Amino acid sequence: MIEPTGVAADAATILFNLPDYHVISTTIVAGRRQVIIETDQPPGCPSCGVIASRRKERRFQRLRDVPVAGPVDVLWSKYRWYCEEPACDRLSFFESTPQVPRRARSTSRLRDQLVDAVIRSGRAVSETAAGFAVSWWMVRAALNEACLLRLPDVDNLSPRMLGIDEHRFRSVRYFQDPSTKAWTR
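Each residue of the sequence shown is one higher than the one before, counting from 8 in my numbering.
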């Protein structure tokens, strides 16, 4: 029985399961899986929104992603596109997606899993970083981003009552007299 050769790439895209991307190739390099991906659709210009049709250049960007049965090296074949709108000030731009926003070096699903591991599982930040093979700083940045997006603005909240820990009954302050250099109450 003869099978078409295009089935393997589609199966790899389905197994990799990163929205808006498809798998170009997969290899094993030095015992680690390497997955090369690219976006499905041409992007729109961030300034004017016109859909791009001409590619300018390509570069590979290394992304951190969720480990699946061991570490996975993800390379994004990222294109710079021409903006063909004459009224637009931007001449070219690099593509970005909701899964990998501008200037991001990791996927959104990895950041979501880091936050879930710390908040829902109650794991320490250092333990989560070691489990996902990322830095402590990345886990902390993902937590800060999640807090800014999910928590309400404290300036808009009004307290219902004050407890004993929310105020100071009495405070004694000392200051130094500039002329005599003596401390006074």
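It is worth saying that the hints were derived from the structure and are not from the lab.
Accuracy of the hints is not assured; some may be wrong.
Restraint ranges, calculated between C-beta atoms of paired labels, are given here [unchecked claim]: (1) D160 - Q41: 54 to 60 angstroms; (2) T34 - P166: 34 to 40 angstroms; (3) D119 - S84: 20 to 26 angstroms; (4) L164 - S84: 41 to 47 angstroms; (5) R127 - R69: 25 to 31 angstroms; (6) A76 - D27: 21 to 27 angstroms; (7) S84 - C154: 17 to 23 angstroms; (8) A137 - R192: 47 to 53 angstroms; (9) D160 - T33: 23 to 29 angstroms; (10) S84 - S115: 45 to 51 angstroms; (11) R147 - E91: 48 to 54 angstroms.
Quick caveat, the model's predicted, so the values are computed rather than measured.
The C-beta atom is built at its ideal place from N, Cα and C for all residues, glycine as well.
Results for each hint:
1. D160 - Q41: 54 to 60 angstroms: Given a distance of about 43 angstroms, which is not inside 54 to 60 angstroms, the answer is violated.
2. T34 - P166: 34 to 40 angstroms: violated (58 angstroms)
3. D119 - S84: 20 to 26 angstroms: holds (24 angstroms)
4. L164 - S84: 41 to 47 angstroms: holds (46 angstroms)
5. R127 - R69: 25 to 31 angstroms: With Cβ atoms ~28 angstroms apart, the hint holds.
6. A76 - D27: 21 to 27 angstroms: holds (23 angstroms)
7. S84 - C154: 17 to 23 angstroms: violated (33 angstroms)
8. A137 - R192: 47 to 53 angstroms: Taking Cβ atoms as reference, A137 and R192 lie about 51 angstroms apart, which means the hint holds.
9. D160 - T33: 23 to 29 angstroms: violated (44 angstroms)
10. S84 - S115: 45 to 51 angstroms: Violated, since S84 and S115 (Cβ atoms, about 19 angstroms apart) do not stay within the stated range.
11. R147 - E91: 48 to 54 angstroms: violated (41 angstroms)
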